[in-house]
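Colleague: Sequence:
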Amino acid sequence: MIKLLCVAWAVFLFLFLCIWDVAGPGGTRFEVQIAANPSWSGFFDTNYIFNSKMLLRKTGHILGFAVLQLLLYAYYRRLGVSIGIALAYALATELLQPLFSRHGLLLDVGVDLIGILLAVVVRKIWVS
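Each residue of the sequence shown is one higher than the last, beginning at 1 in the numbering used here.
Hints were generated in silico from the structure; no laboratory data involved.
Beta carbons are placed, not taken as given, at the ideal position from N, Cα and C, and that holds for glycine.
Hints are supplied without guarantee of correctness; some may be wrong.
Quick list of the computed label-pair ranges, beta carbon to beta carbon [as the list claims (entries may be wrong)]:
| hint | residue 1 | residue 2 | range |
| --- | --- | --- | --- |
| 1 | V122 | A92 | 29 to 35 Å |
| 2 | L118 | A35 | 28 to 34 Å |
| 3 | A36 | K124 | 42 to 48 Å |
| 4 | V32 | K53 | 20 to 26 Å |
| 5 | S101 | L63 | 23 to 29 Å |
| 6 | N47 | S101 | 18 to 24 Å |
| 7 | L5 | T59 | 20 to 26 Å |
Using the sequences provided together with the hints, build the complete structure.
Modeller: Below you can see the structure in the form of structure tokens.
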């Protein structure tokens, strides 16, 4: 059952990060747009203005990857493995975003890592 939850949550995160844009310039959209010429040139960009929409996106990243980390740990029961898989998935989703006319950012992998580590801390406090 936990494995199914892990896969379902990973699919949800993929849709949320690669296809569903809740805070885009044109408003909320859910559509598949395959990029004819994807560009990864902005992957290392850090010149993004933080505003309320950006805050909503980053909060989604943090919460989404916190839940993924908790599910992965529940399944694997090995902290290093669950963190490694969650972090690899964070990187993969950012690298895949340009294929779907989105902008993948290394900065977002860092935000995802905050969610992963937050889940580790919350779990540690909860179990203690």
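Colleague: All hints, please: hold or fail.
Modeller: We went through each hint and held it up to the structure:
A C-beta distance of roughly 24 Å is found between V122 and A92, which places it outside the suggested range of 29 to 35 Å. Taking the beta carbon of each, L118 and A35 are about 32 Å apart, inside 28 to 34 Å as hinted. For A36 and K124, the Cβ-Cβ distance of about 46 Å falls inside the hinted range of 42 to 48 Å, so the restraint holds. Between V32 and K53 the beta carbon distance is about 22 Å. The supplied range of 20 to 26 Å therefore holds.
As the Cβ distance of S101 to L63 is approximately 24 Å, the hint placing it in 23 to 29 Å holds. Evaluation of the 18 to 24 Å hint for N47 and S101 yields a pass: the beta carbon distance comes to about 20 Å. The hinted window of 20 to 26 Å between L5 and T59 holds, with their beta carbons roughly 22 Å apart.
Hint 1 from the list above is the single one not met by this structure.
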